[in-house]
Amino acid sequence: MKLAKVVGNVVSTIKTPSHQNKKLMVVIPVDASGKECGDAMIAFDRFHAGAGDYVLILEEGGAARDILGDPKGSFDAVIAGIVDRLN
Amino acid sequence: MKLAKVVGNVVSTIKTPSHQNKKLMVVIPVDASGKECGDAMIAFDRFHAGAGDYVLILEEGGAARDILGDPKGSFDAVIAGIVDRLN
Amino acid sequence: MKLAKVVGNVVSTIKTPSHQNKKLMVVIPVDASGKECGDAMIAFDRFHAGAGDYVLILEEGGAARDILGDPKGSFDAVIAGIVDRLN
Amino acid sequence: MKLAKVVGNVVSTIKTPSHQNKKLMVVIPVDASGKECGDAMIAFDRFHAGAGDYVLILEEGGAARDILGDPKGSFDAVIAGIVDRLN
Amino acid sequence: MKLAKVVGNVVSTIKTPSHQNKKLMVVIPVDASGKECGDAMIAFDRFHAGAGDYVLILEEGGAARDILGDPKGSFDAVIAGIVDRLN
Chain A
1008 MKLAKVVGNV VSTIKTPSHQ NKKLMVVIPV DASGKECGDA MIAFDRFHAG
1058 AGDYVLILEE GGAARDILGD PKGSFDAVIA GIVDRLN
Chain B
1008 MKLAKVVGNV VSTIKTPSHQ NKKLMVVIPV DASGKECGDA MIAFDRFHAG
1058 AGDYVLILEE GGAARDILGD PKGSFDAVIA GIVDRLN
Chain C
1008 MKLAKVVGNV VSTIKTPSHQ NKKLMVVIPV DASGKECGDA MIAFDRFHAG
1058 AGDYVLILEE GGAARDILGD PKGSFDAVIA GIVDRLN
Chain D
1008 MKLAKVVGNV VSTIKTPSHQ NKKLMVVIPV DASGKECGDA MIAFDRFHAG
1058 AGDYVLILEE GGAARDILGD PKGSFDAVIA GIVDRLN
Chain E
1008 MKLAKVVGNV VSTIKTPSHQ NKKLMVVIPV DASGKECGDA MIAFDRFHAG
1058 AGDYVLILEE GGAARDILGD PKGSFDAVIA GIVDRLN
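Residue numbers (my numbering), protein chains in the order written: chain A, 1008 to 1094; chain B, 1008 to 1094; chain C, 1008 to 1094; chain D, 1008 to 1094; chain E, 1008 to 1094.
Among the hints, erroneous ones may be present.
Treat identical chains as interchangeable: a pair holds within one or across any two.
What the hints assert, rightly or not - Okay, derived cross-link-like pairs now, DSBU-like style, lysine-lysine, Cα gap no bigger than 35 Å in a straight line:
no. : residue 1 : residue 2
1   : K1029     : K1042
2   : K1012     : K1030
3   : K1012     : K1079
4   : K1029     : K1012
If you are wondering where the hints come from, they were derived from the structure by calculation, not from laboratory data.
All chains, full assembly: derive it from the sequences and hints.
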């Protein structure tokens, strides 16, 4: 998984049906010290992550469908958890 | 998913059958401020995205087949939605 | 998919059986203006693409097996079409 | 697989159920001489790797489920082994 | 697939069972002129590739299982052939 920081969310009206009623968060990958180290990406969220939260991004279609509880949905990246801290 | 900007489309006569009658858009990944941040890529489109639109690019074969409604097609990246705005 | 330019082909005698009798092309990813923008990669071809052709590279095992008509073969990247032009 | 060095672990309370009771390690990809050469990533571990260990990171959902012995879990990257040395 | 050069092998005692008795080679991606162009990675080998050989690296779990003849193994990257030359 990737470490990432939530920086906002996406508003999109025209989109594939399985994305309706799902939260689309804008996240930026960060390194172990929290410094940005990659391009923004979009991840689905069901853990109510907010801007400023550090999160775990999982990039695998099947796993994303499991986490979102939508076995027929079309997903590739999902927030799998919110980071408390790194040791 | 990736944020990207539509910059054009591809004309290709010699191609695999499942790509016939499908729109092939040229898109460039952008960051959260809309600045280009990656190399051009080609994504299938069924949402009538046009040049200048910001879109969501999903890169997973199974999800692409679902979105395009073609369970036997050969796809890897697809436009999953058109962005209204980022908060 | 990626845009790429064909620059040559690979000769390999010792290889996995499903690669026998298949054309292995050397391609380099290019951006929307045709400028090289990535490292060389190897893609299977059944559309008789030649050096200098611009092609569409699809990177998904299942889709590659479909395009090559070899449901048991071991593939990851394939030429899915030859580009006439970009608009 | 990637070569990587373990640099710590992640503490995360709010996370998807299949990640509960699993060790989440922070690893940084390294090159053949052990020099860091990529961004931090998070990998599941069942081999009790510790900070400073060099490990093999496997990035494939199905393989990760096999290695962790959790056929229904949501994973993408896993520590597949601990490196003794490179020849 | 990627072009790569074999630079050594990995010795690892603590590893997942399906990796036992398999050769783990350290390879570095190269461009069409043979110049190194990426970070070291680890690929399984059954073609007896040795240091200095140029090889074809295939990165897909299912294809890797086929090539290694181990349908239940946990793999992501495998040497699919040894390069004689590039035209």
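Now for the hints, and whether the structure bears them out:
| no. | hint | in the structure |
| --- | --- | --- |
| 1 | K1029 / K1042 | both (28 Å within a copy, 26 Å between copies) |
| 2 | K1012 / K1030 | both (15 Å within a copy, 21 Å between copies) |
| 3 | K1012 / K1079 | both (28 Å within a copy, 27 Å between copies) |
| 4 | K1029 / K1012 | both (19 Å within a copy, 22 Å between copies) |
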